[in-house]
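Q: Listed here are the chains, written in short residue letters.
There are 2 protein chains.
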Amino acid sequence: MQDVKTYVLAIGEKARAASRLIGRAETAAKNRALLNIADRLEAGERTLVSANAKDLEAGRAKGLDAAMLDRLALSAKSVKAMATGLREVAALPDPVGEITGLAYRPSGIQVGRMRVPLGVIGIIYESRPNVTADAAALCLKSGNACILRGGSEAIHSNQAIADCVRAGLAEAGLPEDAVQLIGTTDRAAVGELLRLEKQVDVIVPRGGKGLIERIMAESRIPVIKHLDGICHVYIDDLADHDKAIRIAMNAKTHRYGVCNAMETLLVAEGIADAILPELAGLLTAKGVELRACPKTLQRLPGAIPATEADWDTEYLAAILSIRVVAGLDEALEHIHRHSSQHTEAIVTEDYTRARRFLREVDSSSVMVNASTRFADGFEYGLGAEIGISTDKLHARGPVGLEGLTTQKFVVLGDGQVRGS
Amino acid sequence: MQDVKTYVLAIGEKARAASRLIGRAETAAKNRALLNIADRLEAGERTLVSANAKDLEAGRAKGLDAAMLDRLALSAKSVKAMATGLREVAALPDPVGEITGLAYRPSGIQVGRMRVPLGVIGIIYESRPNVTADAAALCLKSGNACILRGGSEAIHSNQAIADCVRAGLAEAGLPEDAVQLIGTTDRAAVGELLRLEKQVDVIVPRGGKGLIERIMAESRIPVIKHLDGICHVYIDDLADHDKAIRIAMNAKTHRYGVCNAMETLLVAEGIADAILPELAGLLTAKGVELRACPKTLQRLPGAIPATEADWDTEYLAAILSIRVVAGLDEALEHIHRHSSQHTEAIVTEDYTRARRFLREVDSSSVMVNASTRFADGFEYGLGAEIGISTDKLHARGPVGLEGLTTQKFVVLGDGQVRGS
Chain H
144 MQDVKTYVLA IGEKARAASR LIGRAETAAK NRALLNIADR LEAGERTLVS
194 ANAKDLEAGR AKGLDAAMLD RLALSAKSVK AMATGLREVA ALPDPVGEIT
244 GLAYRPSGIQ VGRMRVPLGV IGIIYESRPN VTADAAALCL KSGNACILRG
294 GSEAIHSNQA IADCVRAGLA EAGLPEDAVQ LIGTTDRAAV GELLRLEKQV
344 DVIVPRGGKG LIERIMAESR IPVIKHLDGI CHVYIDDLAD HDKAIRIAMN
394 AKTHRYGVCN AMETLLVAEG IADAILPELA GLLTAKGVEL RACPKTLQRL
444 PGAIPATEAD WDTEYLAAIL SIRVVAGLDE ALEHIHRHSS QHTEAIVTED
494 YTRARRFLRE VDSSSVMVNA STRFADGFEY GLGAEIGIST DKLHARGPVG
544 LEGLTTQKFV VLGDGQVRGS
Chain B
144 MQDVKTYVLA IGEKARAASR LIGRAETAAK NRALLNIADR LEAGERTLVS
194 ANAKDLEAGR AKGLDAAMLD RLALSAKSVK AMATGLREVA ALPDPVGEIT
244 GLAYRPSGIQ VGRMRVPLGV IGIIYESRPN VTADAAALCL KSGNACILRG
294 GSEAIHSNQA IADCVRAGLA EAGLPEDAVQ LIGTTDRAAV GELLRLEKQV
344 DVIVPRGGKG LIERIMAESR IPVIKHLDGI CHVYIDDLAD HDKAIRIAMN
394 AKTHRYGVCN AMETLLVAEG IADAILPELA GLLTAKGVEL RACPKTLQRL
444 PGAIPATEAD WDTEYLAAIL SIRVVAGLDE ALEHIHRHSS QHTEAIVTED
494 YTRARRFLRE VDSSSVMVNA STRFADGFEY GLGAEIGIST DKLHARGPVG
544 LEGLTTQKFV VLGDGQVRGS
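If you read the sequences in order, they're chains H and B. Quick note on the working numbering: the first sequence kicks off at 144 and runs consecutively. Quick note on the working numbering: the second sequence kicks off at 144 and runs consecutively.
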């Protein structure tokens, strides 16, 4: 193979060229490609599973742990799930070309904004091979070309999926190079990709914090970050008792390893006696370990004392830190200091406090009387999700097709000139 | 003075603290502050002009040229213009807190988006002292704290303006530290500001390409770029003759030194004989130098032959490069290769070509039958403008108050939990 720099640059140039074609492709052609790919994945199930077997074998030889092997594995069921995902994306409305706000100005020109693709998106991800199909589908539907760089442990699986994707594009009359997989496991390829400022418009990393931090430090291209979350639920003293219990239980125990799970519970002192013992009983029955501030310990003598580090820890596990606060102000202060600005919720029946919480909490999702678990592209009606952004610029919160597009101004005139 | 690093960090910390207060400030208080500042600038005109005299004297001693001294100078008229600008910003609608798209989801939760300030904005600019008032006003109205770093040659003028701004804030009961001017001319302060990732959310540079490129290379904080433009007008062979002449003349000669002036004219071969000699006569009469491709030279033997470099040059002067193209496809190809993605216009009466141009040109503003000079926040109805972004992420085209804000998701529930 030629040297990595030349190889990655060539991929970038091909992506840039393909992006002009995919960016103007008709909705019907893009949808046809998505449905073709879904059919090809299902028809190619045996090819995919046998390519995946090579990765699994190499993974076992390399000593990957059971959880990693599990994430790496493709089955008839996961192939079916990828195909279903593609068909769902095909059914979504096309975001490209929508013109909003077109209005006449005093000069006589009409000014509006047209939604357009970003151009070329670089996606860097770890182990799960299904990301290859999911990410390609979202980029394709939003009119973007993409360059995919999966984990080296999934290279055969990713290649087999990418083959289906490219064949499905070609069959629909669209450029194969709208989706390219970096076909080398050389780690230098990531560095080269992050330097393609002229060819790549945005980088979307999907993976653990280590991966994302490395990309942030190294990239010359803007990055849409998808970080994890230290999410808070604050139970106000004017909360409805049943809603408080239900929301806290769901936010913590519905799933443990997800970024929108509650990691810290804040309870107003005025309701702590009424809530904490009951809630602690339910949580403990589910096997959740409780790490408590001194005031919580007074009510839950069996809990573990929390350290300062607990307030800044994302457990992603059956562990919950609990703090009793005087009221809303102290809760807002705690959130301001310790939140990762992902998702926070208040449980209260008080109108003014709910309104203050909504306004003052600076997180990508802010909720009243609902579980933090709802912070999700599907639950929000975006139809799909490439991840959740805790950035402030461009895309914030769950990122769907819209987050993979931008807007340009369009001006329609009839010969108008300025200053006349 | 303490060391620069400590000094700039302290400013960052004060800005972060002030941003929480200004972010939740009532619209009436923000408007009151803006009107206070306008009054104070007018009342303090003599103080401002005498502070400015110190800068002008130092500038002359340093050998600044006439154009730079002109940009640096404050007069009764320019003070009045600043005050008027502040009152106009006060009259604009408050973008903060607007909730859009709030709709029920099948789960029973309501999901919408609330417009919120970015937080802390760092503004780095050159010579013109009026930017101090303009930028502070836009940041204040959009609920952001700002850190201003003006050119060292304007330090006394900027300080005097900032004093009015801070006094006006305090008088309205808002935190003075919502607007802070870096009070040292030490160049190291810029580098320190660009490293305040935790305290500053976005950097907005205003100045020449050199300044912007240095900031891009050095900043650890996202930058909203406000670059210059190589703008194209394409006169199609199905253009209306009078509109074509009028638009080309306005786009080139209305003002020369602005980023939305036309730098390259593309003319379809089929209309070149009918347009070029007449247009060249009008342009030459205005003193515009013409640099022509070979096919243009056949029609305008007096023009200067264009070199390859001309197609990539932003003249910001009474110079125009002209190229005859076969038609729309060649025009699109030229624009794709040479445009700075700022603003491009087509002149045509053909519906399908107009539609293709709007869709396929990847610039922040795309126009049909209108002068590129309209690419401007006021002309677009944004009410104000901090600059024009040629970036794709976050803000694109003229950037007004909305570009200084972001959105968060808000979720209103009634005890809903996920998966039930």
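Take the hints with a grain of salt, since some may be wrong.
[What the hints assert, rightly or not] Okay, derived cross-link-like pairs now, DSS-like style, lysine-lysine, Cα gap no bigger than 27 Å in a straight line: (1) H:Lys205 x H:Lys220; (2) H:Lys341 x B:Lys352; (3) H:Lys386 x H:Lys368; (4) H:Lys205 x H:Lys352; (5) H:Lys368 x H:Lys341; (6) H:Lys368 x B:Lys341; (7) H:Lys341 x B:Lys368; (8) B:Lys438 x B:Lys386; (9) B:Lys148 x B:Lys368; (10) H:Lys157 x H:Lys386; (11) B:Lys352 x H:Lys352; (12) B:Lys352 x B:Lys368; (13) H:Lys429 x H:Lys386; (14) B:Lys368 x H:Lys368; (15) H:Lys368 x H:Lys157.
Read the hints as simulated data drawn from the structure, not as lab findings. What you are looking at is a predicted structure, and each value in this text was computed from that prediction instead of being measured.
Q: Now tell me, hint by hint, if it's right for this structure.
A: Evaluated hints:
{"no.": "1", "hint": "H:Lys205 x H:Lys220", "verdict": "holds (26 Å)"}
{"no.": "2", "hint": "H:Lys341 x B:Lys352", "verdict": "holds (17 Å)"}
{"no.": "3", "hint": "H:Lys386 x H:Lys368", "verdict": "violated (33 Å)"}
{"no.": "4", "hint": "H:Lys205 x H:Lys352", "verdict": "holds (22 Å)"}
{"no.": "5", "hint": "H:Lys368 x H:Lys341", "verdict": "holds (20 Å)"}
{"no.": "6", "hint": "H:Lys368 x B:Lys341", "verdict": "holds (16 Å)"}
{"no.": "7", "hint": "H:Lys341 x B:Lys368", "verdict": "holds (16 Å)"}
{"no.": "8", "hint": "B:Lys438 x B:Lys386", "verdict": "holds (23 Å)"}
{"no.": "9", "hint": "B:Lys148 x B:Lys368", "verdict": "holds (25 Å)"}
{"no.": "10", "hint": "H:Lys157 x H:Lys386", "verdict": "violated (54 Å)"}
{"no.": "11", "hint": "B:Lys352 x H:Lys352", "verdict": "violated (35 Å)"}
{"no.": "12", "hint": "B:Lys352 x B:Lys368", "verdict": "holds (10 Å)"}
{"no.": "13", "hint": "H:Lys429 x H:Lys386", "verdict": "holds (19 Å)"}
{"no.": "14", "hint": "B:Lys368 x H:Lys368", "verdict": "holds (20 Å)"}
{"no.": "15", "hint": "H:Lys368 x H:Lys157", "verdict": "holds (25 Å)"}
In this structure, the hints that do not hold are numbers 3, 10 and 11, in rising order.
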